[in-house]
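Go by the hints and put chain B onto chain A.
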Amino acid sequence: MTTTHLHSDQLVAYTGDGSRVVVWRSEPRSTPRGVVVLAGGFAQRMRHMGAIAAYLVANGALVYRFDPVRHPGLSDGNVGSFSLSALSDSLQAVRELAEKENPGETPVAVASSLAARAAVRLATRGSGFARLVLLVGVVDYRRTLAQALGTDYSTWTIDELPATITIEGQVCDPRAVWLDERDQRWGGAEETVIDLLSVRVPVINFVSVSDEWVDAEQVEGIFRLGAGGERYIVRLPEGQHRISANPVALRTLLRMLTTVALCPQDRIAEVVATQDDLPVIAEPGFDELVTLTVQERARERAEAHSSAARSSGAVI
Amino acid sequence: MTSLAPAGPLTTSDLPAVHELDALVFSEGSCFEFAEDQERDVRLRVIRDAVALHAERSPLYAGLVERRGFTVERLQDERDLPTVPVLPTSVFKRTLVTSDAGGQVVRTFLSSGTHGRLSLVPRDETTLQRLLGSVRVGLRLLDANEDTDADDAQIINLGPSRQQAGDIWFGYVMSLIEIISETGHYVVDGRLDLAGAAAHVARASRDVGRAFVVGPPVFVCALAAYLTERRISVDGSNITVITGGGWKSHAALDGPTFTRTAITALGLPDASCLRDAFNQVELNSVLMECAAGRKHAPPWLYPMTRNERLEPLSDGEPGLLSYLDPTAVSYPCFIVGDDLGRITPGRCPCGSGGRLVEITRRLDGPADAGCALKMQDRFDLGEASP
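Chains as they are written, first to last, in our numbering: chain A, 1 to 316; chain B, 1001 to 1386.
If we strip away everything but chain A, and leave its shape as in the complex, we get (with noise of 0.2 Å):
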């Protein structure tokens, strides 16, 4: 039988208002060689996940992935009132259990998408990690949110917004976004600039010259400007925000992204510089990953289901 070498505990860790986060951990076989948070984008839940988990779990990291509240999967919250914030608390919350659980290690951010944002922002508070890895990370909150959805609401009034907006298929309530982004200060490219200034750890934004959603020039322009710390962009020649629609463009990728996640700091120069030289990764098979997908697939949907019967009380 085909069987997958990522296997993965779940936990729980809560926001500051008490919300369940659930959380997949998956152990390498051996003493791991770094700790890694990994956070999927809108709509990407954290069995999404689990072909760059597998990448870097054989690879030897420790990996705490999870469904932020507020959103599709397991955690607490609908996606109805999803926001920015509901996603950089949850990703707060399991950075803070991974540092628990690990003393002494600092976990890396692999962040995708808007995961990206919402880790720029924690990065400036000083809060813990070793260096953000971006995956199509998003750097202009507002335009990216206008390219997914046609208009840019964040020039409307409140009460001139619809009653529900679609984003990737999930309906939202646009209120809570748009409070969100007003209070917190999400924006646009300007105040990305200013976080990414105060952020000292390196990051690495892995974009696409095609893609729709986050214009790869706009980041090479943000990250000369909030230059706070080393700051990398590597380009993908082809290919739009869903990089994974492409497994043979992907596997180029993630072997990039697993090195320059867990190679020493000194290296990333040099590891981005001479990606033609890098160093033989494990690489998880064809047949594990399809395995990997289906199983993961079926657990979400028998914890949903367990934890749906334990809501209603049913004996199970």
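These are computed hints drawn from the structure, not numbers from a lab. As the structure is a computational prediction, the values presented were derived from the model and not from experiment. For glycine and all other residues, C-beta sits at the position ideal for the given N, C-alpha and C. Honestly, I wouldn't trust all of these hints.
Residues from chain B that keep clear of chain A, each with C-beta distances beyond 10 Å, as calculated [what the hints assert, rightly or not]:
1. L1010
2. T1012
3. S1013
4. A1017
5. D1022
6. A1023
7. L1053
8. R1107
9. S1111
10. R1130
11. E1182
12. A1271
A short, non-exhaustive set of chain B residues, derived as facing chain A with CB atoms under 10 Å [what the hints assert, rightly or not]:
13. S1027
14. R1117
15. L1120
Same frame as chain A, now just chain B:
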């Protein structure tokens, strides 16, 4: 306001370009929507690259290319594609045809024949990924959710799980559909669990937005008979049946009878909910039927027909079906097989692109065997391809 003066270095680099073929196989949009000339151009380019690769890496194919005096530079136009040397699929039964130089093969698959020698086809990671990409592309013709995991869909696979299929190609390919959505596999230890499949079909027809019944026609018929005999009523308005694996194992089963039986027992709205898919172990792409009942080659694949001397025939002329498939890296997938059919000229009325393949029947009678032997002889003599 915080100063915007730069305070640290920025280093940039570029990952290698994605091959045009991968951009096509894994495109997020429908690659069946190309204009005809655009499709022809891209197909020519990706096939030309693949022929060059295998002529370099596969000793057996390199020998064939040399005997034919063929050079890749000849491929200037789609009309040149029939000159690409092809391997009769019988060769895969006699020798391991491989282009793998570096131990990249992860599994060698076997044909599912029950008599005679089996074909052996080695596949590496990229070849398997592209096969899966081709499955996804085919599913777009069903208007199926191409996302990796539709929550509101279920699949009833009248075949083994991937684990149980092992190296047997047919079961393995059918089982890959589990990547799309939650799947029940109903061939366990070689036995079809009709009761389990029927219960799943009845449940899925009630509980989910979309259900797919996947399997060889003979198993779909067995399921239909089981439902009918036990008076299990199914409202199949959300069901699509995907068949594959050919008709050869059930001589009494003709197309119209099968369609009537399946529609009645599964409560399907109409025949467009029954789609046949085609693949064989030596071929690395899947051809899916559209709503108009035509099998579409994905845009990278060049199917054609040949006569018994393996000379290319014009579109519309019946003959042996032959394929130039650039998606295989670990072996040269330029083949002529045992199926008779024709290429339907022109564009499909459904609006989707891709060359249209009509599969008539498989060579199986004594006369056909003679034809196959002749074909094999000609290959051995080095006369197989013009």
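Inset, instruction - Mind listing which of the numbered hints don't hold for this structure, in increasing order? - result: 1, 2, 3, 4, 5, 6, 8, 10, 11, 14 and 15
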